[in-house]
Amino acid sequence: MEHPILFISIILEKLGLPVPHGFVGHTFLEQICAPYMTYTWLVMAFLFIVSKLTLGNLEMIPGGGQNFWEIVIGGMDDFFADNMGREMTDKLFPMIATFALYIAVANLIGLIPGFMSPTSSINTTLALTIIVWITHHVIGFRAHGLNYYKHFIGPMWWLIPLMLPIELISNFARLLSLSIRLFGNIMAKETLLGILFMLAGAFFAPLPIMVLGVLVSLVQAMVFVLLTVVYIAQAQEHAH
Amino acid sequence: MITMDITLVIQMINIIILMFLLNKVLYKPVLGILRERSKKMKGTQEEIERFDKDARLRQEEVDKKMAQASSKAKAALDSARTEAAAAGNEKLAAIKAEVDADREKKMSELKSQIDSAGKSLQESLDTFAGDMAGKILGRSL
Numbered sequence: 010m011e012h013p014i015l016f017i018s019i020i021l022e023k024l025g026l027p028v029p030h031g032f033v034g035h036t037f038l039e040q041i042c043a044p045y046m047t048y049t050w051l052v053m054a055f056l057f058i059v060s061k062l063t064l065g066n067l068e069m070i071p072g073g074g075q076n077f078w079e080i081v082i083g084g085m086d087d088f089f090a091d092n093m094g095r096e097m098t099d100k101l102f103p104m105i106a107t108f109a110l111y112i113a114v115a116n117l118i119g120l121i122p123g124f125m126s127p128t129s130s131i132n133t134t135l136a137l138t139i140i141v142w143i144t145h146h147v148i149g150f151r152a153h154g155l156n157y158y159k160h161f162i163g164p165m166w167w168l169i170p171l172m173l174p175i176e177l178i179s180n181f182a183r184l185l186s187l188s189i190r191l192f193g194n195i196m197a198k199e200t201l202l203g204i205l206f207m208l209a210g211a212f213f214a215p216l217p218i219m220v221l222g223v224l225v226s227l228v229q230a231m232v233f234v235l236l237t238v239v240y241i242a243q244a245q246e247h248a249h
Numbered sequence: 021m022i023t024m025d026i027t028l029v030i031q032m033i034n035i036i037i038l039m040f041l042l043n044k045v046l047y048k049p050v051l052g053i054l055r056e057r058s059k060k061m062k063g064t065q066e067e068i069e070r071f072d073k074d075a076r077l078r079q080e081e082v083d084k085k086m087a088q089a090s091s092k093a094k095a096a097l098d099s100a101r102t103e104a105a106a107a108g109n110e111k112l113a114a115i116k117a118e119v120d121a122d123r124e125k126k127m128s129e130l131k132s133q134i135d136s137a138g139k140s141l142q143e144s145l146d147t148f149a150g151d152m153a154g155k156i157l158g159r160s161l
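Top line first, the protein sequences correspond to chains D and S. Position 11, counted from 1, in the first sequence is what the numbering used here calls 20; the numbers after and before it change by one each time, with no gaps. Position 85, counted from 1, in the second sequence is what the numbering used here calls 105; the numbers after and before it change by one each time, with no gaps.
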């Protein structure tokens, strides 16, 4: 099902660019002009411009915009430091905070008619998940060296034949669970909104789903970040 | 619907670019000011504690000085009181001695007068007795 009206796609079509009429494009240019790509750039531009505009000149006694960012960033910083430790937070804060802001804005932007959530594409969510997955293994190796393998062999040596496959599968399943959870939730929201909009948009039928959509968008962003923090914290811990 | 293609890699690059951008315009400045503020707050707190300690020390010093001054004043008062009492007693003793001397002198004068009066009376006793007897008898003896 194609999204009803996406203003960026319409603009690109008017410019003569090949916007795919389906979920994905076939040529490279079509793939780049796919709505989830263009809306990703929109979200990126939005985050960059908003933060640039709201943080004109920083003061010791914060004003409106600075106050908001201080609460958001200070809150995340405290939360990450509580769970991963101060040192790891200082290193990884930009990555995890970017995930939080990007996913929250990308999820919420789909609630506005004419926009779509970039997170309703598996390519976006899987890209985020792969970064998290690689990062947590890199942190595990850096923290424990080659002893990191002990995370995968269970508590006793004679349980290795049982535990090793289970641990490996559960670790690789993180790739699927993180990406498909976010993708599934947001795609379901987008699809449902699209259908309701087409069926009875004039009667405000999508409104209840939009209310739920706000909740789902924020909860999914929180879940993704929470799991990222948990995976990184686990990778740092000693194996049992 | 679930199709993975080259955009997966582009999205990864996008996110990494966004990380750098936001780190530059958002995280670094905000975290910097948060840290600066907490440092400043800590500094102010330390300053408050230092001032508090200073004030307490000064109060103690003032109390000590007050106690010293009070004991000094008390000692001065006591010594002045003793001096005044001693001076009073001395003066009293001098007056008493003067009065005693005066009295002695007056007493001795009085005594000498009594004695001289007694003596003169004694001397004129015979004359008086003769005169009295002559008056009683109505003739001279």
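No lab work stands behind these hints, which were simulated from the structure alone. Please note: incorrect hints may appear among the correct ones.
Derived DSS-like pairs (lysine-lysine); straight-line CA-CA distance at most 25 Å [stated by the list, open to error]: (1) Lys48/S - Lys61/D; (2) Lys60/S - Lys44/S; (3) Lys139/S - Lys126/S; (4) Lys61/D - Lys44/S; (5) Lys48/S - Lys100/D; (6) Lys139/S - Lys100/D; (7) Lys59/S - Lys48/S; (8) Lys61/D - Lys100/D; (9) Lys126/S - Lys100/D.
Listed next, with one range per pair, are the computed distances between beta-carbon atoms [said to hold, decoys possible]: (10) Lys60/S - Lys159/D: 18 to 26 Å; (11) Met231/D - Arg78/S: 38 to 46 Å; (12) Val82/S - Glu96/D: 43 to 51 Å; (13) Phe77/D - Glu69/S: 27 to 35 Å; (14) Met24/S - Leu227/D: 41 to 49 Å; (15) Val220/D - Ala75/S: 51 to 59 Å.
All figures in this text were calculated on a predicted structure; none of them were measured in a lab. Beta carbons are placed, not taken as given, at the ideal position from N, Cα and C, and that holds for glycine.
Against the structure, test the hints numbered earlier, and report the numbers of the ones violated in rising order.
6, 9, 10, 11 and 14
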